[in-house]
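**Q** Okay, here's what each chain looks like letter by letter:
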Amino acid sequence: MTTQIERHEYDVVVVGAGGAGLRAAIEAAEAGKRTAVISKSLFGKAHTVMAEGGIAAAMGNVNSADSWQVHFRDTMRGGKFLNNWRMAELHAQEAPQRVWELETYGALFDRTKDGTISQRNFGGHEYPRLAHVGDRTGLELIRTLQQKIVSLQQEDFAAHGDHEARLRVFAECTITELLLDTSAGATDVPTIAGAFGYRRETGDFLLFAAPAVILATGGIGKSFTVTSNSWEYTGDGHALALRAGASLINMEFIQFHPTGMVWPPSVKGVLVTESVRGDGGVLRNSEGTRFMFDYVPEVFRAQYADTEAEADRWYADQVDNKRPPELLPRDEVARAINAEVKAGRGSPHGGVFLDVSTRLPAAEIMRRLPSMHHQFKELADVDITAEPMEVGPTCHYVMGGVEVDPDTAQSRVPGLFAAGEVAGGMHGSNRLGGNSLSDLLVFGRRAGAGAAAYVDALGDDRPTITEADAEQASAAAVGPFERPDGESPYALHQELQQTMNDLVGIIRRADEIEQALHRLADLRKRAERVGARGGRHYHPGWHLALDLRNMLTVSECVAMAALERTESRGGHTRDDHPGMDTEWRQYLLTCVLRDGEVTITKQQQPPMRPDLLDLFEKAELAKYLTEPELTGHRKPGAGGGGTAAAAGTPEGHN
Amino acid sequence: MGYQASFRVWRGDVTGGQLHDFTVPVNEGEVVLDIIHRLQATQAPDLAVRWNCKAGKCGSCSAEVNGMPRLMCMTRMSTFDQAETITVTPMRTFPVMRDLVTDVSFNYTKAREIQSFAPPADLAPGEYRMRQVDVERSQEFRKCIECFLCQNTCHAIRDHEDNKQSFAGPRFLMRIAELDMHPLDTADRQRAAQEEHGLGLCNITKCCTEVCPEHIKITDNALIPLKERVVDRKYDPLVWLGNKILRR
Ligand SMILES: Cc1cc2nc3c(=O)[nH]c(=O)nc-3n(C[C@H](O)[C@H](O)[C@H](O)COP(=O)(O)OP(=O)(O)OC[C@H]3O[C@@H](n4cnc5c(N)ncnc54)[C@H](O)[C@@H]3O)c2cc1C
Ligand code: SF4
Ligand code: SF4
Ligand code: FES
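Top line first, the protein sequences correspond to chains A and B. Using the working numbering, the letters of the first sequence map in sequence onto residues 1 to 654. Using the working numbering, the letters of the second sequence map in sequence onto residues 655 to 902.
Don't read these hints as lab results, they were simulated from the structure. Heads up, the beta-carbon is just placed ideally off N, CA and C, and yes, glycines get one too. Among these hints, one or two may not hold up.
Unchecked claim - One side of the interface only, derived from the structure: several residues of chain A facing chain B at Cβ under 8 Å:
(1) Ser-41
(2) Leu-42
(3) Gly-44
(4) Trp-100
(5) Tyr-105
(6) Gly-115
(7) Asp-162
(8) Trp-263
(9) Lys-377
(10) Glu-378
(11) Val-382
(12) Asp-383
(13) Ala-510
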C-alpha cells in the first residue's frame, strides 16, 4: 500500500464547508490569508443545506419592538441561563448585520409588504424574528455563501489567472488528524501546525501545513438511531479537538427536536420543521386534545396562553395575547410528546399528531411549507393540506462542543479555532430554533477574523509538522486494511446508535447511563479490530471504520457528562433528578483527553455582566440564579428591562 | 409487507465495469437509497454511493433507476412491481469515478464561468428593498439543489461531447436567468448568455424540466424568457436598460 502524500501549505485551513466554515473562509480570504476549505461532501451539500425554518436576527422588520436585547433574553431563557452570556450577546448584536450582508452576496429572502426581509415566528422567540425563504432557508444560506466564494475566486482569477490562487475548496476530503508543533517556540504549549486527511475519491493522503485551523465540522447525531442528521455528523471536529488537547463543554446537552417523522421506518427521524407550528400547526394526541396546555412549566407561565382561544388569537394579535404552548422551547415540547406517547395517547406509529390542515387554507400551506408538503407526499403518502402528520422526537443538535473564546473563537490550543455546531457555549443547555444559522454566520466570521489575526501575530515564526507525526497519521488511516477479516464497521455502528438512543437518549437515568458506559468501553475495544477489504477508492466501509473512533469518543463524553450532571435542564433530562438546580447552573462540565482517556471536570462559569443581568426582572432571574449571583442586579425601580444600556455599541441595529 | 427484491447495480470504475445481480430484502416505506445502503451493510461494504440528507434536499444521490434520472432517496420502492428487477446505474453523462459515483466537476467549472451577482454600489447592507412578486421568479430557480440531473439529461451535453466547452447546460443557463431577473443585479447578462454560455444550443425540448426533482420549470420560466430577452435586445438595447430601471 503506497503512502504517497499530497502536500499543501496554507495560512488558514477551514475544516467544514457548512455555513460556519464558508463564512469563516470568506472572512479569512478577505483578510488576505491563503485559505483552504475542506469538506467530506461535495461543495454546496453540507448539512446546513437541510435547515428549513429560518435564521434568527432581531431586525425588527415585522415587529419593530424587537431588539438585540430581546433576542439576547430569549436566547438565555431558551438555554436555561447556562449559555455563555458573552457569546449570546455578540450573537444577538451581530446577527442582523450578518443577514443583511447575505443580501449583498445575492441571497433572496422572502419579503414583507415594505420590501424588507420577512420574519416568522418560532419557538422561544418573543417576536417574529426568523428571516427565511419558504422552508428552504439552509439551502439559500449555503448557496449564497458558495456563490460568494465563487465570486472571490473570480476576483482571484482576474488578478492572478488562477481561480484557486488564494482560496481553494477541497471537496470530498476527510481530515482524520490535527498535527501539532510541540517544540517550545514562541509559546510553551503545543500549537497547531496542520491537518492530515484523505481524498474520499481515491483514498490518497493529504497533508496541510497551516498555522491556523478552524473546525466547522457540525454535530454528532449519527451516534443515535433516530436522528435528523446526515452521515457527516460523526463528531469528527469534537474528537479532533480533544485529541489535539482542546476541551469540550456541555456535552450532556443534546437537543431532541420534538417533531421528526415517525413513519415509514426508513425516514424515521427526518425533520418536520418547526415552522409548521410557527405558522399555526397544533399538536394533538389520540384523543384529539391539544395537550401542550398541560405542559407549560412554571418558569414560562407568564408568556404562554392558558386557553385555545387565546392561543389562536395570538397569531393575529401578539400584543394582547399570550403565545400558544406549541411554541415552547424544544426541550419542553419533546418531553411532552414523549410523555403523551408513554401514557398511551400516541398516534398509530408511536408519535402524536401535528395538524396544519385544519388551520390554514391549502393554498397557504403550499406557499409557506412547500418542502414539507413535498416530503410527506413523496415519502409517506400523506397530504398535509388534508390530514395531520404523525411526529415524534428526533436527535437533532448538540449544544456541547469545543470550548472557545467568545470574541475570537480560539480554543485552548493556540491556532485551533471552532465555529458553528462544533463549538460549545452559545446555546447553553438548549438551542432556540433559528439561532444556529445566525450562530454560524456570527461566529464563522469571528473565527475567520480570529484566525487571520493569529496568523498575522505569528509573523514568520510558523510552527512545523514533523514527518513522524505525518507517518503516524497515515499508518492509523490505513489500519483497517490490515484486518481484512476484521469486524464489520456497519454492525458496530448500529450497536453504538442503539446504545446511545436507548440509554443516553431523551430521558436518562444513572443506572442506564452506567450500562451505556460499559457497552461503549466494549465497543471501543471492538472498534480497534474493525476491518476493510479491497482498494481505497471511494470505499464507504473504510470511511465508516475511521469515523467510528470519533463517534465512540464523543459518545463517551456525552454519557460521562450526562452521568455527572445530577439535575434536569434543557437538553438533559434525568428521570432520577427531575428538577432544575440553581447550584448546578454555575457549573459547566468540561471534557479533555488525558492519556487517551476522557476525563471530566466541573468548571465554574464567570458571572454575568451586571448590565446584562439588568435586562431581566429580578423575579425571573431568581428562578435560575442563586442569591449571591443576584447582587449585581439593578436596584428596584432603576429602569432596565429592554432599555438598559449595554457596554459596547451593538453593530448595526439596536 | 417485506419481500425479496432483485437488484442490478452497476459496479466498476474508470477502467470499466458491469451490472451485478443482488437479491435483497425490502421493507415497507423504503426508498431505493435504503436498499443500496442495505447492500453496503450486508453484501458489498465497498459499494460506492454519494448521499447526504436522505430527504431530497442536498442533491447528492443522483443516479439512473431503470434508466430514469432520479434521486435515489426520493424513489420509493412501492412505485415498482415486486417482481420487477430494478437496475441502478450511475448518471451517464459524467465520467464514472466508482460504482454509482460520478465525477461532476464539469458543473463546478461551469458555475465558475458565470459572472457573480453584481450588487448595486449605492445600497448599504440593510438597505435592500425588493417586492415579493419581484423576487419570486428568481426564487423559483434558487430552489435548485444542484443534483445535476438536468445537466445529465440535456441532449446538448449528453450526445455532444464537444458542446461541453461552449454550453453551460440548463442548470447554469438558469443561473444566468436568475441573476438577470434579480431586481437589484446591475450586470448585463444577456449577451454573455448567448455568446459565452451557449444559450443558442438549447432547442427547448424540455427534457431538463421533466427530470428536475424540485419541479422547477427550467425551460418555460428560465430558458425561454431568457431567449426572448436576448432576441428583444438584438432589436433594441434600450429594452434591457428600461427593464432594469423599471424593476428597481
Ligand atoms: C433537518 C435540519 C433542519 C434544521 N433547521 C434549522 C433552522 O431552520 N434554523 C437553524 O438555525 N438551524 C437549523 N438546523 C441546525 C443547523 O442546520 C445546523 O446546526 C448547522 O447547519 C450546522 O452548520 P455548521 O456550519 O456548523 O456545519 P455543517 O453545515 O454541518 O457542515 C459541516 C461540514 O464539515 C464537514 N466535515 C465534517 N467532518 C469533517 C472532516 N473530518 N473532514 C473534513 N470535513 C468535515 C462536512 O463535510 C461539512 O462540510 C437544522 C438542522 C437539521 C438537521
Ligand atoms: S430544454 Fe434546452 S437545456 Fe433543457 S434539455 Fe432541452 S436543450 Fe437541454
Ligand atoms: S435545476 Fe433541477 S434538475 Fe437541475 S440541478 Fe437544479 S434541482 Fe437538479
Ligand atoms: S441524499 Fe440528499 S437528495 Fe438524496
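**Q** Could you run down the list of hints and mark each one as holding or not?
**A** Going through the hints against the structure:
1. Among the interface hints, the one on Ser-41(A) holds; its C-beta lies about 5 Å from the nearest C-beta in chain B, closer than the 8 Å criterion.
2. Given the 8 Å rule on beta carbons, the hint for Leu-42(A) holds: about 7 Å separates it from the nearest Cβ of chain B.
3. Annotation: Gly-44(A) was flagged as interfacial toward chain B, and the flag holds, the nearest CB pair being 6 Å apart, inside 8 Å.
4. Contact between Trp-100(A) and chain B, as hinted, is supported at the beta carbon level, the nearest pair being about 4 Å apart and thus within 8 Å.
5. With 8 Å as the threshold, the beta carbon of Tyr-105(A) comes within range of chain B, its nearest partner Cβ sitting at about 7 Å, so the hint holds.
6. Satisfaction of the interface hint for Gly-115(A) is found here, the shortest Cβ-Cβ separation to chain B being roughly 4 Å, below the 8 Å cut-off.
7. At a threshold of 8 Å, the smallest CB-CB gap from Asp-162(A) to chain B is about 12 Å, leaving the interface hint violated.
8. Annotation: interface hint on Trp-263(A) holds; nearest CB of chain B at approximately 7 Å, less than 8 Å.
9. Given hint, Lys-377(A) at the interface with chain B, is violated; its Cβ is 10 Å from that chain's nearest Cβ, farther than 8 Å.
10. With 8 Å as the threshold, the beta carbon of Glu-378(A) comes within range of chain B, its nearest partner Cβ sitting at about 5 Å, so the hint holds.
11. Look at Val-382(A): its Cβ only gets to about 11 Å from chain B, farther than 8 Å, so that hint breaks.
12. The interface hint given for Asp-383(A) is broken, as the beta carbon of that residue sits about 15 Å from the closest beta carbon of chain B, more than 8 Å.
13. Interface hint at Ala-510(A): violated, since its Cβ lies 33 Å from the closest Cβ of chain B, which is beyond the 8 Å cut-off.
Hint compliance for this structure: hints 7, 9, 11, 12 and 13 are broken, all remaining hints hold.
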